[in-house]
Structure formats: C-alpha cells, structure tokens
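Engineer: Chain by chain, the residues run as shown.
Protein chains: 2
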Amino acid sequence: MKNGISRKFYLELTPPTEKDNRSDQRRLLDAIEANMNRSVYGISENSEAPEKSSRQESRDRFHRARINIPLHILRALHPFCEKAGWKMTASLAWDGSCWQVAALEAGDTSDAHYGLAVDLGSTTVVMQLVDCESGKVAAQESAYNRQIAFGEDILTRIFYSKDQPEHLEEIRRATVETIAALMEKLEERTGIPLRTSSGALKTNAAKGDRDGNRMGRCISMVVAGNTTMTHFLLGMDAFCVFSTPYAVQADQPGFLKGTELGIPIPGYVFCYPGKANYLGGDIISGMVATDIYRKDTISLFFDVGTNGELVVGNREFLLCGAGAAGPALEGGVVRTGMRAANGAVQHVRLAETAGNAEETMDGDGPEPVRITVKEGVTEKQYRVVTDVIGGGRAEGICGSGIIDLISELFLHGILDLRGKLMPEKSDAVVWCDTVPDEKDGDGEYAFQYAPGLFFYQSDIREFIRTKAAAYTMMEYLLSETGMSLDDVGDFYMAGAFGSHVDVTSAVNIGMYPDVDPARIHAAGNTSLEGARKLLLDRRIVKELPEILDLMTYVQFGAVEDFLEKMTAASALPHTDLERYPSVKQRLARYVSEL
Amino acid sequence: MKNGISRKFYLELTPPTEKDNRSDQRRLLDAIEANMNRSVYGISENSEAPEKSSRQESRDRFHRARINIPLHILRALHPFCEKAGWKMTASLAWDGSCWQVAALEAGDTSDAHYGLAVDLGSTTVVMQLVDCESGKVAAQESAYNRQIAFGEDILTRIFYSKDQPEHLEEIRRATVETIAALMEKLEERTGIPLRTSSGALKTNAAKGDRDGNRMGRCISMVVAGNTTMTHFLLGMDAFCVFSTPYAVQADQPGFLKGTELGIPIPGYVFCYPGKANYLGGDIISGMVATDIYRKDTISLFFDVGTNGELVVGNREFLLCGAGAAGPALEGGVVRTGMRAANGAVQHVRLAETAGNAEETMDGDGPEPVRITVKEGVTEKQYRVVTDVIGGGRAEGICGSGIIDLISELFLHGILDLRGKLMPEKSDAVVWCDTVPDEKDGDGEYAFQYAPGLFFYQSDIREFIRTKAAAYTMMEYLLSETGMSLDDVGDFYMAGAFGSHVDVTSAVNIGMYPDVDPARIHAAGNTSLEGARKLLLDRRIVKELPEILDLMTYVQFGAVEDFLEKMTAASALPHTDLERYPSVKQRLARYVSEL
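The listed protein sequences correspond, in order, to chains A and B.
Heads up: the first sequence begins at 1135 in our numbering, then just goes up one per residue.
Heads up: the second sequence begins at 1135 in our numbering, then just goes up one per residue.
Excised from the complex, chain A in its bound form:
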C-alpha cells in the first residue's frame, strides 16, 4: 500500500566502480527513490536512479518527501552492503515529515511487510496484524490490559501513579508489556516473526547477518486509546485527565520511535491525538473509521464502553461529548453481570409456551426458567430463552443480554414504565430478603432470568440511569445543533456493545432513538479500525488537525438542564412516549391495557 506509514523495498544495488563511485549512502538513497517513484508514479525505471541526476531532478528530490538514513544505519552500511552482495531489503518508516530507513536486511524479505493496529483499551487491548502490501488483516488478538494489576478501574491506576514516578513507570511498563505480549501471541498464531529486538535495531545491519539478532516483519504501529491510556503509554501522569480544569499534558504525541517507547519495532508508533480529557484518540480514530467528518449528511456516532462518547455532525461541524454511560452496560454494576465472554447470556427473549405442554429443549443447554405472566385478564406461560456465549450453562449476563431482558420485561408489563418490577404481574418476580451488601437488609424484588441467576431491582435502576444518560447526551447534542433525530442520516454504534446489542431491544427501552433500524449501524471496534486505516494511509495524518478543529466539546456536567432532561429519559422508553411510536405499537401488541 503505497500510501501507508511504512514501505518495504527489495533493492539490487550495483556495486561501486571507478566510473560510478557514489557513496554507499547515495547509492542506497537513489535505489530507494527510484523504487518509490516507480510505485508512486508508475515510472518504469531501473532499480537505481541514473548515475548523474540533472538539476531538475535534484530540485524534484526536495519537493518529494525526504528519505533519511539514521546514524546507526549509516554506520552499518560498511561492511553490510558488501557482505549482503549489494542485495538487500530496506524497511522505511514515515516519521510524520519524512521517510526514515528503519532497517536493512540482506536478501529479499519485501513480501513480508506488516504493521500493527492497536486499540488500547483500559480493560482490553486489541491488536490487528495488518499485511501492509495487501491491506488485509492477517490476524487479530486481544488481551487484558496488564495495567489492571494496578487497579481494576482507571481512577485507581491514576491515583496509584499520581506524583509517583516509580509507580507511573510500573504502569507504563505494564502497558508496553501488554503490547509486546500481544505481538508474541500473534507470532505464535501466524508463525511470522514480528518483534525486532533492540539489539537487532543497532547491530543487525552492522553484522550483516541475523544470527543472534531478531529482525521482525513489522515496521510501524498505530495506537488508538483514550487520553489516560495514551498518557500511560508515554509515561505521563494522567491525574490531569480527571482533575479540573481538565487540561491534559499531551494530546498530540504524533509519531514516536518504537525504541523510545520500548516497543519492539524498528519504525514509529503513531498515537491518535485526542480532543479533550474524556474524548481521546480512540474517538478520533472512530471518526476516521466511520468517515463521518467527510460526509454531507449528519451522522451520530456513539461509542459505548466503560465511558460513553458521542459525536454528532458532518463535514461542517462535529459536536461531541462524553459521559459515564458504560459500566452498567459492560456488566460492571449489575450484580450477576459479566463481560461478553463464555457463559454470558447475550440475548434473552420470552417465548410463549402452549400451556403446560412439554416443549422441545433448545439444544443441550439446561432447561430454561418457565414463568407465568398476567397480560390483561389472561395468564400466559413463557420460557425465558437465553442465548449463552459458548453454548453452556449461563453464568451471568452481559450488556446486550441486559438490554434484551429489560426490553422483554417491559414489553410484557413485568416492568412498568418507571422501571419498577411488578410482582403482581409475574411469578418470576420474587422478593429477595437476604441480599448481601444491602445495608438496610430490607431486600428487593428480582427476576430470575436463568436457573439461579437473578436480575435485581437495583440493577434495573442502575441500568436505567445509564440509558437515560446515553439518550440525554444524544438529545442534548442534537438540540444544540437545532436538529432533531429525523435530521440524522446514520447512527454509528461503536464498540463491542454496539455490535452485539439487538437494535429493537435498545429502542424498546429508550436507549436508542426510535428510528428506522436500517439507519442504525453496528460499527464495531472503530478505534481499531481507524488505527488500521491510518496504518495504510498516512494522508489521514494531515486530516486529523482538521477533524480536531471541526470538533466542539461539550462538558455535560456544565449543562444546566442536563439532569432535568435525564430524569425525563429515565422512564421506559421515555416520559414522552410520542417519541417512541414503534415501541408504543409493540406495547399495544403485548399489553392489552395500553
């Protein structure tokens, strides 16, 4: 991919003669330039530029991107070139201004040219191995962020390292080790050597061989992470991210040498810039992934993770904000909640059964919970059908399962529009008076969604707060632009949550707006996708300042009527049911008294 942030060329140099005694440096640069031109302009040229270039060519050279050979490679040219028989592969890394010769290897390794895209999440780090010649993803791995050793949540880590350079260094190293470990996992998966040992960086070319040195096939890396993650990766105190006036230390680190960060690649690590303390590189990367900053139509981007980040706009403006929208959705607050891993209930529906008749079991799973629901004057029998990740016994429930569950309970009247469990509506709503951690010991109602697994009234309360915050953020940003939901062409729901959630369920509970489901897109891991795109197209780097300038960040905490609006959104789906015509229809279908 000729526009990527790394290039790799196999070069057959002509050995020096008395007639052509250009320096090794010039010989190498000429050959790289000729290859660069051929690939950029499609010019058919020899492997090397003509011996003597005209003045015009010399001027051209300066209008094109400069190619630089750093000192450690310059020093190694002799006797490397001779020992390699003047046949070598040059790895080039873009540093933001020019091409740096990052590595030289004897022979032809140009077909093995990879780069890494990284979504640096505070909980999970995802890494894609990208074939930089074809642009295809060769493999993907993810792992828990080793920072977790210093705190499950981000704030604990921030306090751990605040004004403690040694602790900060521990966290920085944990971050880098997570990245290196993911590279190792990808190596094991693909059999491709990816890591370059720092020894190899200095001596590989000098020794002219690879014995004892490790030269990987990866050149450069793009990292998208929130502001705190970027601070930790760079070894910077992140207390500024969470403390007023929210002026962070660095938000545009740009291209940094892999060796400088301790990441085993010979090229550069590009870190996506951030817009504000709570609107980091992962979201800017999402803008690039979804292209909404290039479109005429208005888009709404919503990344639901531990935090919720929202952007509304098009090529003319991007209004954005962030708020605590996530924990409940990731199962962090819900008592039987869990991450979307094996054993997690990811989808729920109530399936009507014909009275007491025996039913065929779904697969080998355990028998589902059977419940009775009063609908109007009649009683109906339902099975609580659960879709468990991995197919085994349910061990808890994840975000998309919760949305389905609340949606089903609401549609069947087991939850009222204030989000209260109605024990009179179903035998499945039971009083739990021995709830651990409940101080007053009063207990609360709960709904058994799988054998032995309950969803509590307090879980619902927490969850509704989250969905209300999410909805209010959307509503507020749109109202700020003087637009309504109808003006939005596309809704991009990013993140794992956005990918797995059932759109109709999310609309039913008023988390998503009630629009044509075709306009709501599960955008996936846009942080990772934006990183991959930039890895293959360095022109995006030049667009980033424009994206940042398009963006206006709203601190929701500073919005006066935010809480009031949020209260209105705390009903299911909303106090103003007219906003949810499709839900109103569905409710009418299920609940006869409406």
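Hint data in this document are derived by calculation from the structure and do not stem from the laboratory.
Treat the hints with caution; some may be incorrect.
Pairs involving identical chains hold if they fit within one copy or between any two copies, as the list cannot separate such chains.
[As the list claims (entries may be wrong)] The calculated DSS-like cross-link candidates involving lysine-lysine, where the alpha carbons are at most 25 Å apart (straight line), are:
1. Lys1217 - Lys1296
2. Lys1508 - Lys1676
3. Lys1718 - Lys1514
4. Lys1391 - Lys1136
5. Lys1554 - Lys1508
6. Lys1508 - Lys1153
7. Lys1554 - Lys1667
On a predicted model such as this, the values are computed, not experimentally measured, just so you know.
Following the hints, position chain B against chain A.
Structural biologist: Just chain B now, kept in the frame of chain A:
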C-alpha cells in the same frame, strides 16, 4: 536571525482554566507558533494563538514547518510548566524537516542564543561562537585535533582504525573531545555557559530547575570537514576514502542529534555534505562562503591546505579536483619549515644596503643575514629582511615565507628558472656536506635566510613540485572548460596560506597565475565561514544538492597528460614565460642579462 537553524523564544503562557483547557503540549505549541509567525510575518499577535483556530489556520499550520515536541520534553511538561509559573524559554532546533523543541528553561534566557560553526580540520579544529540573534561572531578558538594522538597524518589514522571498531571508536571519541574542549575554551573566554550536559537534556525540564544540571546557551552546530574527518566524527571507517574505487560510506549525513554524536548541545549537528572522496564538506562549505555557485562570472576557488582542492565555475557548472598540493606549503616537507606560529618567518625580502655602511636595525630583532649578490657585472649588498610571527628570533619558515623567499631568490638570479641554487651568484649559497638524513652524504647547496636557518636545494625541489601541481590543476580545469585565465573573473584563495601569502611573490614563482592582483582574493577560512553562514540561514541546506549536482569531479590521477603539463609548470615561473608578462618585467628590472 529568523532563518537560522535554531530559534529561541521567551513565552508567557496563560495557565489553563476551565474555559481554556488546551493541553500543556498544545498551549506550548500555540505560543511558539505565534512567536514564529510574528517573527516571520511581522504579525502583531499575543504570545499565544487564539483559543480556537479556524480550519484555514489549521491548514496553514500544516503548510508551515511543523513544530515537534520530543518525548522527553513532553514527559517533562508536568510539573515543569507549573513550577516555572508558565514563563519559560523554548529552544528550537531545525532537524532538516521541522522544528524540534530542544530544550525548555524556566524564565527568560532568550537573549543568550548561540550556535557553533566548526572547521573540522585534520590538524587544526577551529570553532566560532556565533550569536544567533545578531549573527555576529562572539569568539573564536582553535585547537589541534586530538586525532593526532593516533597519527600525525591522516593515512596513519585511517590504517589504525581500518577494520578495528575499537580503534575507530578511539578516534571518534578524540574528535568529539576536541569539539567539547573547544566549547570549554570558548566558555572560559566568554564566560557564557555553552555545554549542555546530557543529564540536563533529559531532566532539566522535568525538574524545573537547573541545579545539578547544566543547560548551555548553544543550541545547534554546523561542521565542515573533509570526507575523512566527517567519517571519523560519525564513527565510520574511512579506509574507503583512500582506496579504489573511492566510493565512500556516507557523504550526506545531514542533521544529526547532538546527543547521538556525544556533542553536548541539545539541538542538531549539521555536517556539510561532500562531493567526492577528496572533495569534502569543507569545500562545499567554501562554495557557500564565496557564493561562486550563484554568480554569472567565472570564479576559481583554491583551498590550499594539507591537500589542495580546486573548483572552477559559476552558476552553470562547477568543475573541481583535488591533489596533493599542500604539505610543502604548510612547512611539513621543508626541513626548517614550521606552521604559521610564533617564531615562523612569514615574509622575506632582500633589501639592498649601501655598501658596508651601518644600517638601522629593524626593531629589536636579531641582525639579519647580510649577503652579496652578483647582478650582471656588478655586486650588490643585501640584507635578508624577515618578518617573524610574534616578533622574536626566527625559528623556522612557514608557507608564505617560503613563497617570498623563493620569489626573491629567483628575481635576484640566485635561483635559476629550473629552481637550481646558483652558488656563483651569491655568497649566501653554501654547500652543506654534513646534512643529516642525506643518504649519499654528498650534501647539497642551501641558502641561509636567517641566522642559523637554511633553505635547502631539496626543499626547493619539493616546493616546486607542489606549486607545479597547483598550477597544473588550475590550468587543466580551465582547459577542460575551454577557457583561459582571462575568462576568470575572481580567484578565491582559501585557507590560512591564501590569507598570508604575498600575491606578487606567488605570481613570481608561478604558483598563482599572472593576472591583475585585484582579482585574487584571500578568502580566509572558507570552511568555517560557510559553516557560520548555514548556521544563520537554513535555506542554504536546500541549495546544497544543487551545488553538488553542479559539480563535476575530475580525478587528476586519471588525466593522461597531467604529468607532462606538470613538468612544464616546474620551471620558475613556467617554461612558457609568455604566460607571466609581469614576472618577465620584474625579472628584467632585477637581472640585467635577461
């Protein structure tokens, strides 16, 4: 000087507030950009850019040179900025593509902004401390190159380090130590702290104070040296410079980090590029010093040092070559020769005395040698008047003294046109039969130019070989261009030799061509001067590839009739006396038989 390779700005940043919570990084960059614009465009602006820049401004930012804050400075911004009260001085260093923030200091040190220009000679290293705000030279120092410990002559050093990385490292370190020692000398002379300790580079900003750290007032450096010197400075084996096919390792090192080279500056070291093995950065620097590549008229540039380098041309072409022209001129071959230091005879003339009458002594010096010269049929009495550097007793003779001496001996007929001493012409020509180092013990004629100091026939022979080589190089390059001496507008004689030599004497002996003396310019240390110019004007960097492309290098060894031409030039002043009409006149005046 706004076009220099370093800048220094005093910045008063506004502390972050909730309304203006730009990152520390952005705050610093905005302030630097505003200062840069003000100084470049003369725009009256506040110390900082407006809080929110328009898209146009953002695009502009990318069309202007990029400003980068490297990782170690980014990491130090917190708590440096706060501790400095947001008032700081930023040092910026040009890296060839963009501005790098090289250092941050609390308070205002912007008026102390220096750079270093270095002529890296194989024998002597000269360093100029340049005030980068005024462009003026603040001080200059020189020292012997510490490489001399590994060999008086350059070839010994090359063989010492060939294929011996440890020896090469010794030489590299000696080079760097010479440079650091010169910085120390300049510090002592001026009282200005110039060296920045590498600790300071990493921690000064971080600690927010200068205690225990040393932050110098120099940012960047420009070095001009021949190809071998540049190789040694960079730690590269220089055997390639002297061995066929003369393809050197690196000839365009460009900007290198001071820390990477071990030179105690926070910015970059620019090394002038070379054209060929024997035509290095010192000569390209000379092109910049004399501007001959910008002129319409033809110029001839001749740098007489240990080696002699020659360039003929103008803005359309530059023909160049190099040859062994120097040792004799630096006093290295002549038996009583010495460098142009205290005690060296730098000028000689024969002053006629009135018979045996007592003469007034010139100053306090010892009485000069008195000689009798037969001119035609008469005998005349002369004093050998010598101008001794430092004014004391003569201890030897340097290049310019030799030229005068040979010229005087020739004009007075004591030397014939083949360069033979004529004992029958003067009582001052004596036979020395106990000459040390003379194998056959036959002895040779010599001329006593100062009490106890003789100039030998073999010295003259050696010297004439040198001047013949020099003249033939000029002649050959001119003939290659189809031009004659009359087509040359200006002659630039560079180097210490060119500065001190008497032009008429040099013409008399046929070392310089017989042209109007007003056209012959003593250009001084053009290597140093070109370094100083580039330090103050980075636009020159962009012109260097054009200069290199204009140049065509002629290997004199490969020229067929070179030796034949040199033989013709081995007479005094030349076998073809018609080329030297003014000398012919002068001879007629002195020597009646002509």
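Engineer: The structure should be examined with respect to each hint, and the outcome stated for every one.
Structural biologist: Right, here's what the structure says about each hint:
Only between protomers do lysine 1217 and lysine 1296 lie at most 25 Å apart by alpha-carbon distance; the minimum there is 17 Å, versus 51 Å within a single protomer. For the homomeric pair lysine 1508 and lysine 1676, neither the shortest alpha-carbon distance inside one copy (61 Å) nor that between copies (84 Å) is at most 25 Å. Taking the shortest alpha-carbon separations for lysine 1718 and lysine 1514, only the intra-copy value of 21 Å comes in at or below 25 Å, while the best inter-copy value is 131 Å. Proximity of lysine 1391 and lysine 1136 under a CA criterion of 25 Å is satisfied intra-copy only: 21 Å inside one chain copy versus 29 Å between copies.
For a Cα distance limit of 25 Å, the shortest separation of lysine 1554 from lysine 1508 inside one copy, 16 Å, qualifies, whereas the shortest one across copies, 132 Å, does not. For the homomeric pair lysine 1508 and lysine 1153, neither the shortest alpha-carbon distance inside one copy (97 Å) nor that between copies (55 Å) is at most 25 Å. Within a single copy, lysine 1554 and lysine 1667 get their C-alpha atoms no closer than 45 Å, and across copies no closer than 81 Å, so neither meets the 25 Å cut-off.
The structure does not agree with the numbered hints 2, 6 and 7 stated previously, though it agrees with the rest.
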